[in-house]
Structures are given as structure tokens and as C-alpha cells.
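Chemist: In the UniProt record's numbering, the protein residues as written are 1 to 787.
Nothing false has been slipped in among the hints.
Calculated pairs, SDA-like style, for lysine to any residue (alpha carbon to alpha carbon, straight line, at most 25 Å): (1) K637 - Q679; (2) K652 - K685; (3) K415 - K517; (4) K579 - D210; (5) K702 - E676.
Quick list of the computed label-pair ranges, beta carbon to beta carbon: (6) F244 - S179: 21 to 31 Å; (7) E212 - S157: 42 to 52 Å; (8) S157 - K550: 41 to 51 Å; (9) T584 - K398: 38 to 48 Å; (10) E721 - K486: 45 to 55 Å; (11) E721 - R645: 17 to 27 Å; (12) E721 - I609: 19 to 29 Å; (13) T356 - D254: 47 to 57 Å; (14) H353 - E261: 42 to 52 Å; (15) E439 - K486: 23 to 33 Å.
If you are wondering where the hints come from, they were derived from the structure by calculation, not from laboratory data. Glycine included, every Cβ here is placed at the ideal spot set by N, Cα and C.
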Amino acid sequence: MGKRKIVLSESDSETDLFRKDTRDYDLDTPLSKSGDLDIPLSKTVTLSHKKLKTVKNEDEVDEETSLSGFTSNTSVSSSPVKRIKKESKSKSKTKTGTEPKFNTKAKTSLKKEVTESKLIKEETPGEQNAEGEVEEDEEEEEEEEYKWWEDNENDGSVQWTTFRHNGVLFPPVYVPLPSHIKLYYDGNPVDLPPAAEEVAGFYAGVIGTDHEQNPIFRKNFFTDFKKVLQENGGTLNGVSIENFSKCDFSRIVDYLQQQKEIKKQLSAQEKKQLRIEKEEFEEPYKFCEVNGRREQVGNFRVEPPDLFRGRGAHPKTGKLKRRIYPEDIVLNLDKDAPIPPVPEGHHWGEIKHDNTVQWLAMWRENISNSFKYVRLAANSSFKGQSDLKKFEKARELKKHINTIRRDYKKNMKNKLMVERQKAVAIYLIDVFALRAGGEKSDDEADTVGCCSLRYEHVTLKPPQTVIFDFLGKDSIRFYQEVEVEKQVFKNLAIFKRLPKKPGDQLFDRLDPSILNKFLQNYMPGLTAKVFRTYNASKTMQDQLDLIPNKGSVAEKLLKYNAANRTVAILCNHQRTISKTHKQTIEKASDRIRELEWQAWRLKKAMVQIDADAVNKSKNKKFLTKVIKTFTKTEQKKIHKLIIDRENDRVQKRYIRENDAKKFENEEELGESVLKEWLQKVEEKKIEYNKEVESDEIEITTKINTVEKIEKQLEKLKLRIETSSIQLKDREENSQVSLGTSKINYIDPRLSVVFCKKYDIPIEKIFTKTLREKFKWAIESVDENWRF
DNA sequence: CGGTTCACTTAGCATATAATAG
DNA sequence: CTATTATATGCTAAGTGAACCG
1 MGKRKIVLSE SDSETDLFRK DTRDYDLDTP LSKSGDLDIP LSKTVTLSHK KLKTVKNEDE
61 VDEETSLSGF TSNTSVSSSP VKRIKKESKS KSKTKTGTEP KFNTKAKTSL KKEVTESKLI
121 KEETPGEQNA EGEVEEDEEE EEEEEYKWWE DNENDGSVQW TTFRHNGVLF PPVYVPLPSH
181 IKLYYDGNPV DLPPAAEEVA GFYAGVIGTD HEQNPIFRKN FFTDFKKVLQ ENGGTLNGVS
241 IENFSKCDFS RIVDYLQQQK EIKKQLSAQE KKQLRIEKEE FEEPYKFCEV NGRREQVGNF
301 RVEPPDLFRG RGAHPKTGKL KRRIYPEDIV LNLDKDAPIP PVPEGHHWGE IKHDNTVQWL
361 AMWRENISNS FKYVRLAANS SFKGQSDLKK FEKARELKKH INTIRRDYKK NMKNKLMVER
421 QKAVAIYLID VFALRAGGEK SDDEADTVGC CSLRYEHVTL KPPQTVIFDF LGKDSIRFYQ
481 EVEVEKQVFK NLAIFKRLPK KPGDQLFDRL DPSILNKFLQ NYMPGLTAKV FRTYNASKTM
541 QDQLDLIPNK GSVAEKLLKY NAANRTVAIL CNHQRTISKT HKQTIEKASD RIRELEWQAW
601 RLKKAMVQID ADAVNKSKNK KFLTKVIKTF TKTEQKKIHK LIIDRENDRV QKRYIRENDA
661 KKFENEEELG ESVLKEWLQK VEEKKIEYNK EVESDEIEIT TKINTVEKIE KQLEKLKLRI
721 ETSSIQLKDR EENSQVSLGT SKINYIDPRL SVVFCKKYDI PIEKIFTKTL REKFKWAIES
781 VDENWRF
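Take the sequences, apply the hints, and build the full model.
Modeler: Laid out in C-alpha cells, this is it:
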């Protein structure tokens, strides 16, 4: 038995997509290394061993029920500790020698940024830099830039030597509503102190979303709202607010809506002006100087106050996320760096000089009392370096994966309960790409990963089918009905055995740290999450290998996306189906049906002209196979669709043109014009009706020869084909999110190589920001690179 | 150790912007 | 050219895992 195929069932149509996946996992490839040690003994195991003596029965697995039918193998297995030299990851091309200078473009870059998209095309692509190398990137760089991936010196713990920036950007102060816009309570206007009014406004902002329907959200909001109100001396006009259901936010909602509308109505110029002003204002915060080099800051804006929008059933959702002031902020800079200016009348909470970390600023947030950090952008050297490290680590796992798989298979029959649990857990993480699953407290949403799986999350269906059903990260449902190996099934049964009951931990001897410590034995730095990266990239490599190098760019892209989708499904990256999705799909299929009707009609006309035309046509296949006959009812339906649409269009056009004329002070079109237009549509309708009755197409000058019709048919055929493919693609992607895996899991070098080999412009696969983020990948691989 | 704290990656949704159909 | 739809980006919540601490 070499490869094991896991076929996911297809029973539940709702989540169908996530269970059609078929994957191969090579668990049995012979090991490259023999003579692996047969002694586990990390500290954890030693401890269990001690435990074994005292509470033997608890820790020993009951062989009777669990091991039947399997070749027994009693030896405790483990992995050799493999020491990998930390070698410098990339062969350095000659480094530029001198320390790169700090990019002084900061001042001018604003204008550049703003107009870039337009200007770029006018500039010579590929300028020469000092060394005479040709810069191939579409964004010109006057100054040579730092290519950290060609730089060898990076030891790890020290992140920077100089580190300077301008601090953070605070959200604007609250501007109270106009005095006539108020909250109403029990039908009466309420005068709120500004602080409370602000919170009421936050709630108004949530009306119309799902949060509004969430009782927890409402309760938490109302509690905090009352608190703020009280802290600010209560309402100003003596109204006492006790009951949420008596609160009427509608005027505030309308006002906010109106403000939004006004903003939208601004002319393009005004919008542009505002944008430029905003840019200018933000400019100082956008960049950070790291070791004399200019790098982009990611989230330089402090999070504004709002109601906390927790995902899933978060107990704290709806609570007020308080405003952050400079006093709350800790800044991190180098010792000699100038201290950024603070808003008038304030001071920074603390100034630190910690060069072992990457953050520029941080504050403590009040919802779960954790930290928020201001850090560099995704295209920075900090992020890039850790990204590269992450993928190199995943590639390192290639060398150990066979050993690991062999071991966990073997350990499925280990006598020690912990070892068995480890084996099964690693199996689940490896095969189903589960996350580690750390412990969570009661004031968070109840979500789980591997180690925190509970009794009720796994259902066993003999002989060897397992149904996983739980909420994972972000409360995204993980539902899979799968066949597993017998021994896995048996072990899961053991882990669920009495006295365990719903609510109990499946892996009661495990937590991520135990698992990770065990994994380190195979490879330094190996942790549970590495498996996700590894399997995602490995899957992508395998999928890409299957794509034939032929066809149009569009076709190849479609295949790339299909490969991407496989990975996204593996990682369970979902997105909510948009509210309009069903409608969109319906509309698109109606549209296709209409196109088919047009084709059918043309076909009829063709036959009318020449009875044998179909047989002679080079589109014979299309004409006979694809085009189905339309019944009279169907025809009428389509006619109605077209006529309604036409009428609609005419009405709109009439209104629009008159609006324009009014604006220009011209004479408006009279009703008669509209009537005339509508009449034309009416004529068409009559025409259609006649067509249905007589079952004959009227031959017009436009379509009076077979050749002309063929030409039109050709066009229609193409449109139908592309529309159908598009529709199918969209349908398949409707609940799968491709982005997350592209950004975080698929080694970007795979995509770069794919583009090179298949002659696809990288822009088709990586957006501008992704190209910046993955610059290290784009510039460092040749087409023979493999994951 | 075993829990907590800190720092970092990963995640989906909301909104802004671009592309495309009509 | 406009309205609609698709895509890209911004935002911040929610994970992981190592270090720290008593």
C-alpha cells in the first residue's frame, strides 16, 4: 500500500465544495535514512513513563480493544534529532559593498505616489542605475534599493541598529452631531453628552448589519452605553434611559447615511483634492527608517474607538472599544532617535529602545487586555525575511516528513496514551491541515483546533468513517466526512471511550506545546503550523506540475486558479457567500439562456434560407449539440425579459437626458418623445408575438444570407462559451477564498517559476501589493526552482 | 514546570477602486 | 459614458508559539 487516497464524501450539499477534495498522501515511501533511534525520550515522555508506574492503568492503552487486526509492533519509536546547520539561506550575489544610504526621496514621494499610476506609463521603463544594471521592475527606482535577500548577515535576535519614525496617527476627535439630530427614547428626543452620543453613533453604524440582530452585541453595547452615559453625568435633558427597545437610533442612522451620500456625490476633482490632502497629512507616518533605509509602515493609524465586532459567538462582541490617547502608546525607537511630536497637551506613555523587536509602537487594548502593535508593511525587509524563513523551514520539512509519517503511523499502536494521542494529532494536522488548537478562555468565542477538539466534534461512523464538525479560527466551520485508516479510527474511538462525554477533550494528554516539543526532535524549529505551510506549498507544486504548457494565457490562469483553489480547500479558507450571490448566478444563467435563444433563432433563420444549411455549416456541432429547441413558453419568457429590460432602459434614458437638459437650461423632451420610444419597444414585442405564432423568423437585411448568420453565430458561440466558463468558475469560487493561501501559504517562488515557465506576466497572478511583498521571490529564482 | 505575557502570523470582512457590460 | 460587478486594499480580529516568571 503506497498511496492512500482520501475521498471526502459528498452528502451535504451546503458544504459540498469542501468535501469533494481528493488527495494523495504518501505515507509509505521508504525512508532515506535507516537506523533511526528507537528511543523517544524527551522530557515529556520520561514524565509519562514515571506516571506509568504510579497510575499505570490510566496511561496504558488497552490493547484488547484497540489493536486487533494490526500487525503488532511494540517498539517505541521516535525520531532522531537531526541537527541542521543554520546556513545562510541564499547565495549572495555580490553585495553592493557600501551601506546603502537612507532614501531621501521621502519629501517628494507624496506627489509620486499620488500620480504614480498615471505617470508611470510615460516614464522610461527600466532605468539604468549606478552600476549599469537594468532595473526591470515597472516601478522605477532612482536609487539602488536594499536587497536583503542577497545579504548574508542576519543573525536573528537583533532586529535593527537604528530605528526612527514619527510615531502614530491618531483618529480625529469626535465631532458632535448637529443639534437637531438626536437619539429618541420612548418617542422623546434625548440630549446626550458628546461621549455618549459618540457611542450611540457607533451603534447606529451597525444597524443593518448582522451585529444588530445579535442579542449579545446589543446587550454589551447597551451596558457600555449606559456606563458612558452615567460617567458623563447622564442625559442633558433629564431623560432616563433604561430600556434598549425604547431607543430609536433612526435619525442618527439617516444622518450618517446622508453624510455618506454627500461624500459620494462629490465631484471627481473634489474627491481627488481630499485624497491629496489626506495623503499629505499621513505622509510623515508612512515611513520608518531602519538602519538608515526607508521602509513602509503598515498600520500607522491608531485604531479608532468603535463597538468591538467579535467574530462568531464572541461573548464580548458589541462592547465599547475605547479611544486610545498618546498616554496609552509605547513607542520603540533607537536611543538617539528624535522623539516624535505628540498632539498638543499630551505626552507619550513610554519610550522604549528595544532592538530585539520589530514594532514601532504599541498600546493595550481594553476588550481582551492584549496588545496592539504598529509594525512595518508587508513589503518591508522585516516581514520579507520572516516570510522567506517560514518557507525555507517548510521546505526543510521535506527531508523529515517521511520519517514523521512513518513514526506517527507506528505510534498509533504505542502502549502509552500520550504517544498515541501525539500520533493521531500529528496525523490530523498533516492530513487535514488542522491548526494546533491552543486553549481558549471563556470570554472568547468557542472555537477549536486539533489539540482542543472535544468529544462532540468528532463522530465515528463504522467501519472507518469520521465526521469532523467544529468551528475553527474565526468561527469558520470545518466539516468533513472522511474515511481514515482503521487504526486512526480505532484510536479516536479509544479517545472517546467512557467515561468521556460531550464537552471533554479528545486529546486530554496534549496541548500544542507538548506537540511542538515532540516535533522539535525531528527538526529544530518544527511546529504544528509548519505542516500547513508545507502541505499547502507541496500541494500547489504538485498541482502546478500537472498543468500542460499550452493554450492561451487565460486558460493557463484558470488552471493556476484551480490549483490555488485546491490549496484553499485544503486549508479550509472560506468566505461568506455574498448576499447577492444567488441573484447574480441566476442573472448570469438567464443571460446565457438568452444568448442560446438568440443562437437558436439564428439557426431557424438559417434553415429558412437554406434547408440544408446546418449540415453544411462548419459550426454543425454547435448548431446541433448545443442549441436546444425553445418551447413557446420559454420563448415568451425570454421575450418578456427583453421587452421589460428595453422599457426600463428607455424610461431611464428619458429621465437622464431630461436631467441633463434641465441642468444645461435646454428645452426638455416632451412626453411624446418618451411615447415614441416606448412605441418602438411595443413594435418589437408585437414582432416577437408574431414570431411565436407563425413559428417563422422574419428575415431582415441584416440577416439575409447564411454567411451573415454564420458570422453572428460564431460570435454568439464564443460569448456563450466564455460566459459559461465564467459562471462555473464563479460558482466554484463562491465560498472559497483564494487570497489567504496565496498570501500566507503558497511559496511565492512557485508562482514566479510558473509564470516564467508558462510565459505568463506576473501581474496576472500577483497584484501590485503582492508583487512588492514578494519582491524577494520574484527576483531570486530561476525557472528550475522547486519547492 | 504550568500559566501568563509578549510578539508575531494568519484570517475574513468592509470598503475603495478598477474593470467591464450595457 | 454610466451603472454594475469584480478585484484590490485596508482593517483589525484571532490565531500560534516562545519567552518569561513565580
